[in-house]
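Place chain B on chain A using the hints.
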Amino acid sequence: MTELVDVRTPNPKNFFPGEDHDWELVIGLEVHAQVTSNAKLFSGSSTKFGNAQNSNVSLVDAAMPGMLPVINEECVRQAVKTGLGMNAKINKRSVFDRKNYFYPDLPQGYQISQLYHPIVGEGEITIQVGPDKQGNFESVDIGVERLHLEQDAGKSMHDQHPTMSFVDLNRSGVALMEIVSKPDIRSIDEAKAYVTKLRSIVRYLGTCDGNMDQGSMRADVNVSVRKPGGEFGTRCEIKNVNSIRFMGQAIEYEAKRQIDILEEGGSIDQETRLFDPVKGETRSMRSKEEAHDYRYFPDPDLLPLEFDDAYIEEIRAELPELPDVKRTRLMGEGLSEYDASILVSDKSYADYFEQVAEGRDAKIAANWVINDLLGAINKAGKDIEDSPVSAEQLGGIIDLIKNDTISGKIAKDLFEIVFNEGGDPPKIVEDRGMAQVTDTGAIESAVDEIIAANPDKVQQAIEKPAMIGWFVGQVMKATGGKANPQAVNKLLREKIGG
Amino acid sequence: MSVDTATVKRVAKLSRIAISDERAESMKAELNTILGFVEQLQEVDIEGVEPMTSVVDMDMRKRVDEVNDGNKANDVTANAPASQNNFFMVPKVVE
Chain A
1 MTELVDVRTP NPKNFFPGED HDWELVIGLE VHAQVTSNAK LFSGSSTKFG
51 NAQNSNVSLV DAAMPGMLPV INEECVRQAV KTGLGMNAKI NKRSVFDRKN
101 YFYPDLPQGY QISQLYHPIV GEGEITIQVG PDKQGNFESV DIGVERLHLE
151 QDAGKSMHDQ HPTMSFVDLN RSGVALMEIV SKPDIRSIDE AKAYVTKLRS
201 IVRYLGTCDG NMDQGSMRAD VNVSVRKPGG EFGTRCEIKN VNSIRFMGQA
251 IEYEAKRQID ILEEGGSIDQ ETRLFDPVKG ETRSMRSKEE AHDYRYFPDP
301 DLLPLEFDDA YIEEIRAELP ELPDVKRTRL MGEGLSEYDA SILVSDKSYA
351 DYFEQVAEGR DAKIAANWVI NDLLGAINKA GKDIEDSPVS AEQLGGIIDL
401 IKNDTISGKI AKDLFEIVFN EGGDPPKIVE DRGMAQVTDT GAIESAVDEI
451 IAANPDKVQQ AIEKPAMIGW FVGQVMKATG GKANPQAVNK LLREKIGG
Chain B
499 MSVDTATVKR VAKLSRIAIS DERAESMKAE LNTILGFVEQ LQEVDIEGVE
549 PMTSVVDMDM RKRVDEVNDG NKANDVTANA PASQNNFFMV PKVVE
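Going line by line, the protein sequences match chains A and B. Heads up: the first sequence begins at 1 in the working numbering, then just goes up one per residue. Heads up: the second sequence begins at 499 in the working numbering, then just goes up one per residue.
Here chain A stands alone, though its shape is the one from the complex (with noise of 0.2 angstroms):
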């Protein structure tokens, strides 16, 4: 393993106070992404979650003796797309390796892994940590350190049984790629931002589904904290953390836990432990001491994989805009980076966003999409791919104010009609008689009535003009909010003076 480098200044911001003096998180990342694909790492059994226990295993997965692993080529392109991703270097020759150990959801009794030769080096994220209270995000550059591929090992259940644990194949010999990143992040807040951002990649490129609850995405979390900008301290790594929260939680804890321990005089020992999200702490797994000893070797069943330029080329030329690059456009577009930093984190928003903003203006698209098709989405507990409102429902909707058809505020008592209900928004507009009246006469008789009834607060409004605004409220109050407000303004105008 390469040596460990501080490429980063220590940022008071980070900080965690301590009684002395106040301490520096370092954190460390290897996130497993479940490779997407039909078939499994080494065999054609399906990947497809959720299927009846060991219907997705053949011989190979289940290591019966002469069974033979034959790589699967998706995966491969899979592993250098998200490789080209990261900005990272492509390795045309690795090598897979067997990491030896013992336990029941592994029936061969090693893991086929790449531990000296990856597929995939150095490479690099930025990540957006924020908004702060003013709407702004700052960019960090976080080292990765290497991807490679590996194999995933099968599922135990212990509570089927008073004695025994049942083990289920399925996941077995699933592809994973397993993404280390340098001892670069510095806080919890960038440690979420930097597993969104790695999620955000996979999801673009289609090379993970990136689906933390069904365990497509999981973490290793390394911990130490130090003296601003000293020494690195011992590590502790939290293994398995599967949702960005618990790892929020996860770090947060194990960073008290060594701060207490220091403080008091004592010393970290380097373990391995478990966060338990129920009672929130993590607890001792193992230490150095009782380390598994993994006795790699190459996997003398499998040939180096080698690949040339070309084929390096041709995936580089298949990459989908990535996230910061459609971050930018945005912008370019007009677009604040508050609103594209939302749109671009999710490919299922900027998919959505640009189905909307297709043909309108990028700054009213983005308004709706963000304020009130997420919020209502979030509310609901959708996801944006079963959204009740479609792209081009959202897209009739700002056609009828743009034409105005109707105000912005009956838009909005449309969507949520739409939201609830569905439709055709043009229809709903006119069989619900929800048109903008512009019909400068029966505007005009509101106002006269609105003026003959308040002869006292006509007075007030010709001293101060402010008080139009109390008239207009009141003219779309009678008139069911579907006045034209610019021309209510207008004849009032002309009507009180002002």
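There could be a bad hint or two in this list.
[To be verified] For lysine to aspartate or glutamate, the following DMTMM-like pairs were computed, each having C-alpha atoms within a straight-line distance of at most 25 angstroms:
1. B:511 / A:309
2. A:409 / A:372
3. A:99 / A:150
4. B:590 / A:293
5. B:560 / A:309
6. A:48 / B:557
7. B:590 / A:276
8. B:570 / A:105
9. B:560 / A:318
10. A:192 / A:209
11. B:560 / A:150
12. A:48 / B:567
13. A:89 / B:557
14. B:560 / A:271
15. A:482 / A:431
16. B:570 / A:150
17. B:590 / A:271
Simulated from the structure, these hints should not be mistaken for lab results. Every value quoted in this text rests on a predicted model; they were computed, and no experiment measured them.
Leaving out everything else, chain B in the frame of chain A:
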């Protein structure tokens, strides 16, 4: 290179093989004989020779990403000492 009794026990433990002290002693002698035999290879000068990965000069064959195996849970669990509903059953392991 040679191994001592502690190493023999450690290797056995890593492989989850129960081994008595007596057996560890005799294993130590056997393993050291094997290691001594293999050690003769150290006499060969391999300066500048790339490690051989295969006896045939060929690229690794790859499979296309196609599901063409699986759905044989009965076969897969047929030899299991204990199984239920196509799950393997093993003595409870909780870490």
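Status of the hints after comparison with the structure:
Note on residue 511 (chain B) and residue 309 (chain A): the hinted pairing is violated, with a Cα-Cα distance of about 45 angstroms set against a maximum of 25 angstroms. For a cut-off of 25 angstroms, the pair hint linking residue 409 (chain A) to residue 372 (chain A) stands: about 12 angstroms separates their Cα positions. Only pairs whose Cα atoms come within 25 angstroms are accepted, and residue 99 (chain A) paired with residue 150 (chain A) is accepted, the gap being roughly 10 angstroms. With a CA separation close to 23 angstroms, the supplied pair residue 590 (chain B) and residue 293 (chain A) stays within the 25 angstroms bound.
Under the criterion of a C-alpha separation no larger than 25 angstroms, the hint pairing residue 560 (chain B) with residue 309 (chain A) is consistent with the structure, at around 18 angstroms. For the given pair, residue 48 (chain A) sits about 30 angstroms from residue 557 (chain B) by alpha-carbon distance, which is inconsistent with the 25 angstroms threshold. Between residue 590 (chain B) and residue 276 (chain A), the direct Cα distance comes to roughly 20 angstroms. Compliance with the 25 angstroms bound is thereby established for this hinted pair. Among the hinted pairs, residue 570 (chain B) with residue 105 (chain A) is consistent with the structure: their alpha-carbon atoms are about 18 angstroms apart, no more than 25 angstroms.
Of the pairs offered as hints, the one joining residue 560 (chain B) and residue 318 (chain A) holds, with about 21 angstroms between alpha carbons and a cut-off of 25 angstroms not exceeded. A distance of roughly 18 angstroms separates the Cα atoms of residue 192 (chain A) and residue 209 (chain A); the hinted pair therefore holds under the 25 angstroms criterion. As the CA atoms of residue 560 (chain B) and residue 150 (chain A) are separated by approximately 16 angstroms, the hinted pair is consistent with the 25 angstroms bound. For the hint pairing residue 48 (chain A) with residue 567 (chain B), the CA-to-CA distance comes to about 13 angstroms; that is within 25 angstroms, so the pair holds.
Straight-line distance between C-alpha atoms of residue 89 (chain A) and residue 557 (chain B) comes to about 22 angstroms, which keeps the hinted pair within the 25 angstroms bound. Between residue 560 (chain B) and residue 271 (chain A), the direct Cα distance comes to roughly 39 angstroms. Violation of the 25 angstroms bound is thereby established for this hinted pair. Only pairs whose Cα atoms come within 25 angstroms are accepted, and residue 482 (chain A) paired with residue 431 (chain A) is accepted, the gap being roughly 14 angstroms. For the hint pairing residue 570 (chain B) with residue 150 (chain A), the CA-to-CA distance comes to about 24 angstroms; that is within 25 angstroms, so the pair holds.
With a C-alpha separation of about 24 angstroms, the suggested pair residue 590 (chain B) and residue 271 (chain A) falls inside the 25 angstroms cut-off, and the hint holds.
The structure fails to meet hints 1, 6, 14 from the earlier list, while all remaining hints are met.
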